[in-house]
Amino acid sequence: MRNILFYAQNNGQVSNVRLLLDELKQRDYLVSIYDTSKIYYQPINFDGFADVLPNSIDLGKSFYRCSLLDRVKGVFKAQNYLRSIVDSFDMLIVAADGAFERVLIRAFQKEQKRTTMIIDGVISDYSLSFVD
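Residues in the sequence shown are numbered consecutively from 516, following the working numbering.
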């Protein structure tokens, strides 16, 4: 059994990976999710994940509403814990490119473990013109 850690900021990102959970289980992967609800203050539905890793950092408000100094403090507080969980997983999937994600990516890569970033976005038809 191989273990994957999934790090998401919101339910939209979680729903993208939830589509893959059955396939990953069939391929002998267990997917755990890191609880970021006290970092980004957005609700997350954890249904279907093998395990939910608790978060020891509570910023008091969304990371993106914190001052620059409070953001830096929050990332530094989380670094040791985030680095300590790497040994329990074979692979990391992140759903955004942020400060906490970068800490995890570097820790996984330092141990020569796979990392993947799934970025959700809006697909637009740029052939339309506002001038027409």
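Keep in mind the hints are simulated off the structure, nothing from the lab. Among the clues, some could well be false.
[To be verified] In silico DSS-like cross-links for lysine-lysine, where the CA-CA straight-line distance does not exceed 30 Å:
1) Lys-628 x Lys-588
2) Lys-540 x Lys-628
3) Lys-553 x Lys-588
4) Lys-540 x Lys-553
5) Lys-628 x Lys-592
6) Lys-625 x Lys-553
7) Lys-576 x Lys-553
8) Lys-625 x Lys-588
9) Lys-576 x Lys-592
10) Lys-576 x Lys-588
11) Lys-553 x Lys-592
12) Lys-540 x Lys-625
13) Lys-588 x Lys-540
14) Lys-540 x Lys-576
Do the hints match the structure? See the list:
Straight-line distance between C-alpha atoms of Lys-628 and Lys-588 comes to about 27 Å, which keeps the hinted pair within the 30 Å bound. For the suggested pair Lys-540 and Lys-628, the alpha carbons sit about 20 Å apart, so the restraint of at most 30 Å is met. Distance hint between Lys-553 and Lys-588 is fulfilled; the C-alpha atoms sit about 15 Å from each other, no more than 30 Å. A threshold of 30 Å between alpha carbons decides the hint, and for Lys-540 with Lys-553 the separation of about 28 Å falls inside it, so the pair holds.
As the CA atoms of Lys-628 and Lys-592 are separated by approximately 23 Å, the hinted pair is consistent with the 30 Å bound. As the CA atoms of Lys-625 and Lys-553 are separated by approximately 27 Å, the hinted pair is consistent with the 30 Å bound. Pair hint Lys-576 plus Lys-553 holds up; C-alpha atoms about 8 Å apart against a cutoff of 30 Å. Our distance criterion of 30 Å between C-alpha atoms is met by Lys-625 and Lys-588, whose separation comes to about 23 Å.
Under the criterion of a C-alpha separation no larger than 30 Å, the hint pairing Lys-576 with Lys-592 is consistent with the structure, at around 15 Å. Straight-line distance between C-alpha atoms of Lys-576 and Lys-588 comes to about 14 Å, which keeps the hinted pair within the 30 Å bound. A distance of roughly 13 Å separates the Cα atoms of Lys-553 and Lys-592; the hinted pair therefore holds under the 30 Å criterion. For the given pair, Lys-540 sits about 26 Å from Lys-625 by alpha-carbon distance, which is consistent with the 30 Å threshold.
In summary, the hint linking Lys-588 to Lys-540 is not supported, as the alpha carbons are separated by about 37 Å, beyond the 30 Å threshold. At most 30 Å may separate the alpha-carbon atoms for a hinted pair to count; Lys-540 and Lys-576 exceed this at roughly 35 Å.
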